[in-house]
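Fit chain B to the known structure of chain A by using the hints.
Chains as they are written, first to last, in the working numbering: chain A, 1 to 239; chain B, 1 to 415.
Please keep in mind that the hints were generated in silico from the structure rather than gathered at the bench. Where a beta carbon is used, it is the ideal one built from N, C-alpha and C, also for glycine. Take the hints with a grain of salt, since some may be wrong.
Claimed, not checked - Chain B residues, not near chain A, derived (Cβ > 10 Å throughout): (1) Ile14; (2) Tyr47; (3) Gly59; (4) Ser91; (5) Ser219; (6) Asp279; (7) Met335; (8) Leu351; (9) Trp370; (10) Ile385.
Stated by the list, open to error - Covered by chain A, per the in silico footprint, the following chain B stretches (three or more residues, Cβ under 8 Å): (11) 68-77; (12) 205-216.
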Amino acid sequence: MVFAVEIIDLVKFYGKVKALDNLSFNVREGEIFGLVGPNGAGKTTTLRIIATLLKPSSGTVRVFGYDVVKEAGEVRKLISYLPEEAGAYRFLTGREYLEFMAKIYRIPSSVVEEGVKISGLGDAIDRQVRTYSKGMKRRLLVARTLMVKPKLAILDEPTSGLDVAHALYVRNTIRKYAKEYGVTVILSSHNMLEVEYLCDRVALIDRGRIVEVGTTRELLEKYGVKNLEEVFIKAIGGV
Amino acid sequence: MLLSLIIAPLLMFIIIGGIMRFAMATTFKEALEKRTIYIVNNDLGKYSEMAIDYIKDKGFDVRVFENTNAEEILSKSEEIDVIIEFPKGFSYNLSNGLKAKILTYASIKGLSIGGYAVFGKVSGLISEINTYLSRVLIREVVGGIDPDFILSPVVSKSHMYISGKEVPETFMAMLGFFSAGIIVAPLVIVTTTIGISSSMIAVENEERTLEVLLTLPISRFKILLGKLIGVIILVLIATLSFLVGFMFYITAPIAAFEELPKVGEKSLFEASPILTLFDLQTIVLTVVAVFFTLIAVGSLGLLLGSIAPDVRTAQTYIGSLSFIIFIPGMMLMFMDLSKFTLTGQVVLVALSPFISPILVFKALLEGVPWIAYASLIWTIAFTFIMVAIAAKFMETEKILTLQFTLKMKALRKKR
Chain A
1 MVFAVEIIDL
11 VKFYGKVKAL
21 DNLSFNVREG
31 EIFGLVGPNG
41 AGKTTTLRII
51 ATLLKPSSGT
61 VRVFGYDVVK
71 EAGEVRKLIS
81 YLPEEAGAYR
91 FLTGREYLEF
101 MAKIYRIPSS
111 VVEEGVKISG
121 LGDAIDRQVR
131 TYSKGMKRRL
141 LVARTLMVKP
151 KLAILDEPTS
161 GLDVAHALYV
171 RNTIRKYAKE
181 YGVTVILSSH
191 NMLEVEYLCD
201 RVALIDRGRI
211 VEVGTTRELL
221 EKYGVKNLEE
231 VFIKAIGGV
Chain B
1 MLLSLIIAPL
11 LMFIIIGGIM
21 RFAMATTFKE
31 ALEKRTIYIV
41 NNDLGKYSEM
51 AIDYIKDKGF
61 DVRVFENTNA
71 EEILSKSEEI
81 DVIIEFPKGF
91 SYNLSNGLKA
101 KILTYASIKG
111 LSIGGYAVFG
121 KVSGLISEIN
131 TYLSRVLIRE
141 VVGGIDPDFI
151 LSPVVSKSHM
161 YISGKEVPET
171 FMAMLGFFSA
181 GIIVAPLVIV
191 TTTIGISSSM
201 IAVENEERTL
211 EVLLTLPISR
221 FKILLGKLIG
231 VIILVLIATL
241 SFLVGFMFYI
251 TAPIAAFEEL
261 PKVGEKSLFE
271 ASPILTLFDL
281 QTIVLTVVAV
291 FFTLIAVGSL
301 GLLLGSIAPD
311 VRTAQTYIGS
321 LSFIIFIPGM
331 MLMFMDLSKF
341 TLTGQVVLVA
351 LSPFISPILV
361 FKALLEGVPW
371 IAYASLIWTI
381 AFTFIMVAIA
391 AKFMETEKIL
401 TLQFTLKMKA
411 LRKKR
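Okay, chain A solo, but in the shape it has when bound (with noise of 0.2 Å):
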């Protein structure tokens, strides 16, 4: 079986600053794969090494099948990426920046529309970007990751800087798109009730290592606790 994610024994240092420490998880085609964890944890050093801007230390790590070190270029033709902090360019308008994503991944431009839908930005859109606020910019970016339809997207705190009605905005279209279009999707997020409303499966990560994966419900079951936030708790041994 081809996973759309297969990492063996990931290792990652800094330095002499040990990252990951023989992180193993798969994630399945077309589910909601999320990262859970504290700051510092190795979440997005995780999701960059999947997205191929970093190289792992030792260890295998595929995207459908493909290698991400030696099969870089493959790699990202499957996947979009939405890092934690990402920004647009501040001279192009929302339309603009949409349109040029929709030409590198030579897609046809009736798309963009689709991306302007996602980003539910209205008529801001045909703003430029530098009149943004952070919350604007950011839906943009998921529907820049979103309309190009990956086979992989992999969103890093996708909700971040939000609110509350934009994050559920949000949430609620990544949804749509993983089942809609197959899209699989991997993500990190520190907010627990994101993860259990959004994802079909869960690994729970501390100082670099893997403590816990499965569906909410088996977390839930498996350590009698009423949430996932109890089950992080539990899992790593108490704050």
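The following block gives chain B in isolation, referenced to the frame of chain A:
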């Protein structure tokens, strides 16, 4: 960026040049058009009268004061700015074979070029009086001989060659401006290129667009190439804008002189056939040098930009590099290549990826072709090395992690 690179230099030079041209033309014109000459004649002899008649014949309106103090008149009058005085004994001296004095009193009203222009006009007039009286005295003393023959028995005719091609004598007057332009323009192009290219990557860091860019389905080499082509196009437009502005600026004084009423028979600054000096080989090799230098320094700029967290930091890195470009550049402006020792010439060739257009051009013009060829070969090799390093760097994760590594190293050093 458009404003600072293209419009600003053009406007800056045109405005400064225009102001200079207008101010100079107005001041000189006003000074030269004042046709009233004030004279204090305390001599009242034959030769001072002849000199005054000579000035009147030149079309000037002459006001003469007799037996008075020139300084006093000058200090009391608002209108008079220059007075010529023929002192007592002027004619006596000339009649007895002794040198005679003409005194000039000038009141400079402001520290502008216009003040000097008035004084210059009177000095020119006194020099003409000197020649006129020489002719008179020669006729009186020698007689029968053309005074011009005695005054200047030798006629000089110069032939000036650059690269074996004769250029008009008037070219000398342009040479200073010309060499400054030839050196300054490429230096500006090179520093601008490094500046723009470093900003192009630094701005991706600053705006947090780099990570997305690097995960797009487009090869890193194409990203590098796209950035380089963008830099080169922008730099070429900026260069053109700079050159247009710069040419306007350096020709402003010349244009101001040309607008003045002609005093002599011909203008000093005739259009010189400068372009005919350069053969096809010089032009082609210089263009090749410009092209490769732009790519080399563009790649270097992209590398520097990628280790800077923002545009301002990138510009700081560039600032510390500029001495490598400006020191040899300035030396080349003032010295011929033949004046350098062999070691000096080799050092220039070694630095030539940054100054290749100037070096190739100068070397071919000054007849030291080995320097031109060596510079070109090294520049092309350097370009390939820089592009390869930049491409390799883009492929690795260092483009994202180097800043962090450098920051950590700096912190450790502080501790």
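Hints, one by one, checked against the model:
no., hint, verdict
1, Ile14, "holds (26 Å)"
2, Tyr47, "holds (77 Å)"
3, Gly59, "holds (63 Å)"
4, Ser91, "holds (80 Å)"
5, Ser219, "violated (7 Å)"
6, Asp279, "holds (45 Å)"
7, Met335, "holds (45 Å)"
8, Leu351, "holds (35 Å)"
9, Trp370, "holds (45 Å)"
10, Ile385, "holds (24 Å)"
11, 68-77, "violated (count 0)"
12, 205-216, "holds (count 8)"
Violation of the numbered hints given earlier is confined to hints 5, 11; the remaining hints are satisfied by the structure.
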